[in-house]
Amino acid sequence: MKTAASQAGSTSSDPLLQPFRLKGLTLRNRVVSTSHASMLDDGGLPLERYQRYHEEKARGGLAMTMVGGSAMTSPDSSWGGGQLDLSTDRIVPHLQSLSQRVHRHGAAVMCQVSHLGRRATAYAGNWLPPVAPSRVRETRNRNFPKEMDAADVDRIIKDYASAARRCLDGGLDGVETVTGGHLIGQFLSLRTNRRTDGFGGSLENRARFGLMVHGAIRRAVGDDFAVGIRFVIDEAAKDGSDFDECLAFARLFEREGHLDFFNCIFGRMDTDLSLAEQNMPGMFNPSAPFLPLVGQFKRETRLPVIHAAGIRDVATARHAIRENLVDLVGMTRAHIADPDIVNKVMRGEEERIRPCVGASYCLYKKVQCIHNPASGHETIISHTIVRAERPKRVVVVGGGPGGMEAARVAAERGHRVSLLEAGVRLGGQVLVAASASDRKDLIGIVDWRVDELARLGVEVRLNTYADAEIVLADQPDAVIVATGGVPDMDRLEGAEHCDSVWDVLTGVVPTKDDVLIYDETGRQAAISCALHLAGPERVVCLAIADDTLAIETPYPDRVSFRKRAAESGIRVVSDVRLVKAARQGNGIAATFRHELTGAETEMTAAQLIVERGTVPMEDTYQDLRARSANNGVTDIALMTGTETRRDNGPQAAGSFVLHRIGDAVASRDIYSSIYEAYRLCSQL
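The opening residue of the sequence shown carries number 1 in full-length UniProt numbering; numbering runs sequentially from there.
In case anyone wonders, no lab produced these hints; they're calculated from the structure.
It is possible that some hints are incorrect.
Cut-off 35 Å, straight-line C-alpha distance, at most; resulting in silico cross-link-like pairs (DSBU-like, lysine-lysine) [said to hold, decoys possible]:
{"#": "1", "residue 1": "K366", "residue 2": "K563"}
{"#": "2", "residue 1": "K158", "residue 2": "K298"}
{"#": "3", "residue 1": "K512", "residue 2": "K580"}
{"#": "4", "residue 1": "K344", "residue 2": "K23"}
{"#": "5", "residue 1": "K440", "residue 2": "K298"}
{"#": "6", "residue 1": "K298", "residue 2": "K344"}
{"#": "7", "residue 1": "K238", "residue 2": "K298"}
{"#": "8", "residue 1": "K238", "residue 2": "K365"}
{"#": "9", "residue 1": "K392", "residue 2": "K344"}
{"#": "10", "residue 1": "K158", "residue 2": "K146"}
{"#": "11", "residue 1": "K146", "residue 2": "K238"}
{"#": "12", "residue 1": "K158", "residue 2": "K23"}
{"#": "13", "residue 1": "K366", "residue 2": "K238"}
{"#": "14", "residue 1": "K440", "residue 2": "K563"}
{"#": "15", "residue 1": "K366", "residue 2": "K440"}
{"#": "16", "residue 1": "K23", "residue 2": "K366"}
{"#": "17", "residue 1": "K365", "residue 2": "K440"}
{"#": "18", "residue 1": "K366", "residue 2": "K344"}
{"#": "19", "residue 1": "K563", "residue 2": "K146"}
{"#": "20", "residue 1": "K146", "residue 2": "K365"}
{"#": "21", "residue 1": "K563", "residue 2": "K512"}
{"#": "22", "residue 1": "K23", "residue 2": "K298"}
{"#": "23", "residue 1": "K238", "residue 2": "K158"}
{"#": "24", "residue 1": "K440", "residue 2": "K344"}
{"#": "25", "residue 1": "K146", "residue 2": "K366"}
{"#": "26", "residue 1": "K563", "residue 2": "K580"}
{"#": "27", "residue 1": "K366", "residue 2": "K298"}
What you are looking at is a predicted structure, and each value in this text was computed from that prediction instead of being measured.
Starting from the given sequences, assemble the full structure and let the hints guide the process.
Pasting the structure below:
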């Protein structure tokens, strides 16, 4: 029997830690990471950074990691980049290296093999026209596909088989195909299949292409290789396949006998909204929203079931296994937040798991977690903090996310750390953000660090405004200024008539019934404030300097914000920049200049709320610069990891190095502050 486990199993009674037999594999526990497009490939190949990212999960104790989200089986299955390319043999040696690294840590590895069909693009990659069962354009992709003929069908079926064979030759443990919005699913659904030949019409005809694909794959890889399907159990569309029809398709696939598991997903992926709310549920969705329906599917089918989709915490994962809702539980985004989940459970340190806070930051440009700076950067920085050769005295000024991370990392390095915070509570701007109802889970960023600082013995002094003399009284070797910023009203004529988003969300100022909000950042703050205030008895208008609402947010958040703004009756005015504000009777008159035409218009409201980012709070930093050994200058080579600082022994008496991070430098986001703190303090 082939095994991917480093040990025969666990004697623990924890359902998550029980081994599971999948085909010829003995998986060491029930926790997996499912396929996703990490955007860490290099020209379609899984090179060092791709391999290190998945190796870290294997090292963390999970049973299996699945690679290759939407991996290309064919040259005409490209969306323009960010996919593994399984269409040629050049990938095989890199898969061999990847599988060896994952297996070395006792985990299994599988790859998703798929053809995008109409989801591919004609305007990038190989510049080939997309193909599909019928000539039906996808809303999200925007391309018009060619209707497949017999030659296309034969070619692509062979490509599927060849791609799977390359995974076998690469030492992987299995593959999965995809229904959903991908080609097999496009044949299954009446929404996308208008054919009148043997591949259209009846349920059996629409399943024929998928059955042929899996038959070809099985012949190519043999009987011992695991083959599954990422399977939609309900399209959630009036003109699509409902649960009963999807169940009928599943039974056809089971009867054919070529599959070993179902990896269950829900809904569609042909629009930004369906992708955000169904296929990859994000910030606006409850935890594990489709788990009950997946449990029903499992009760009515025979093959093992995997399911991910918003399962962010160990308690929910354990419930899913204990209640037999799934056989293997996918915690993909949770492992981006903390790849060491299973090891921490096994060590009895479940409370130390860094939580997934559902911020969708892992879907912003490439894989990265809003509060784990090492994820996706494994070739640059380590998930493991190395202790310093010589302990130092470190003072951190400011208890926002950057300051908390700086204190945590410095303490992990073995330094003696004090964290000085002017407020009554740690958290900084995260406390403001989390006060908006849809973003309340962000508080996990703060709570986890509060617990870690206590565990590490960091001295936390609240209600302490740390001027230069207070800082120097601690005789520091290093000072990290993370004082953040305050709302930017600089150079705004009539600023005295405006309130900030901070003031409103924290309840410092009362809210009136007619509100105009201006946003110059494209981030979450202004739209979160607008949604927080919107209601049947309040008129809310949001004016934005950009052409699209919430443009500086991950696409799931962006489309969800737009939907909720429309549902809430919020009027959005785009492409305008606030010029000035003036008192007009009992209200405020705001003058805007159109970004494209230059024309000026005036809008009035009882209250004007402004979001323009922050101005650095730098008084303490500036007061300390002249007294520091480095004049407060942080070496960029040190910060970016291109140069490693060597510990040259004790500093001269009375000298210290001074650095500032986060919004104390410039207005940015939570991730930037935490990433900066981690990179800097890992070198202290």
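Has the given pair, K365 with K440, been kept, meaning a C-alpha gap of at most 35 Å? Given pair K365, K440 holds - Cα atoms ~23 Å apart, limit 35 Å.
Would you check the hint for K298 and K344, treating anything up to 35 Å between C-alpha atoms as holding? Holds, at roughly 29 Å.
Given the hint that K563 pairs with K512, test it: the Cα-Cα distance must not exceed 35 Å. holds, 24 Å
Is K563 close enough to K580, meaning Cα to Cα at most 35 Å? holds, 30 Å
Under the criterion that the straight-line Cα-Cα distance not exceed 35 Å, is the pair K440, K563 satisfied? Distance of about 19 Å is within 35 Å: holds.
Hint consistency between K366 and K344 [alpha-carbon to alpha-carbon, up to 35 Å]: This hinted pair holds, its Cα atoms lying about 26 Å apart.
For the pair supplied as a hint, K366 and K298, is the alpha-carbon distance within the 35 Å limit? holds, 33 Å
Are the Cα positions of K512 and K580 separated by 35 Å at most? Status holds; Cα separation ~20 Å.
Are the Cα positions of K238 and K298 separated by 35 Å at most? Distance ~23 Å between K238 and K298 Cα, so the pair holds.
For the pair we were handed, K366 and K238, check the Cα-Cα distance against 35 Å. The given pair, whose Cα atoms are some 33 Å apart, holds under the 35 Å limit.
Is the hinted pair K146 and K366 satisfied, with a Cα-Cα distance of at most 35 Å? holds, 30 Å
Given the hinted pair K158 and K146, is their Cα-Cα distance within 35 Å? holds, 19 Å
When the structure is compared with the earlier hints, no violation turns up for any of them.
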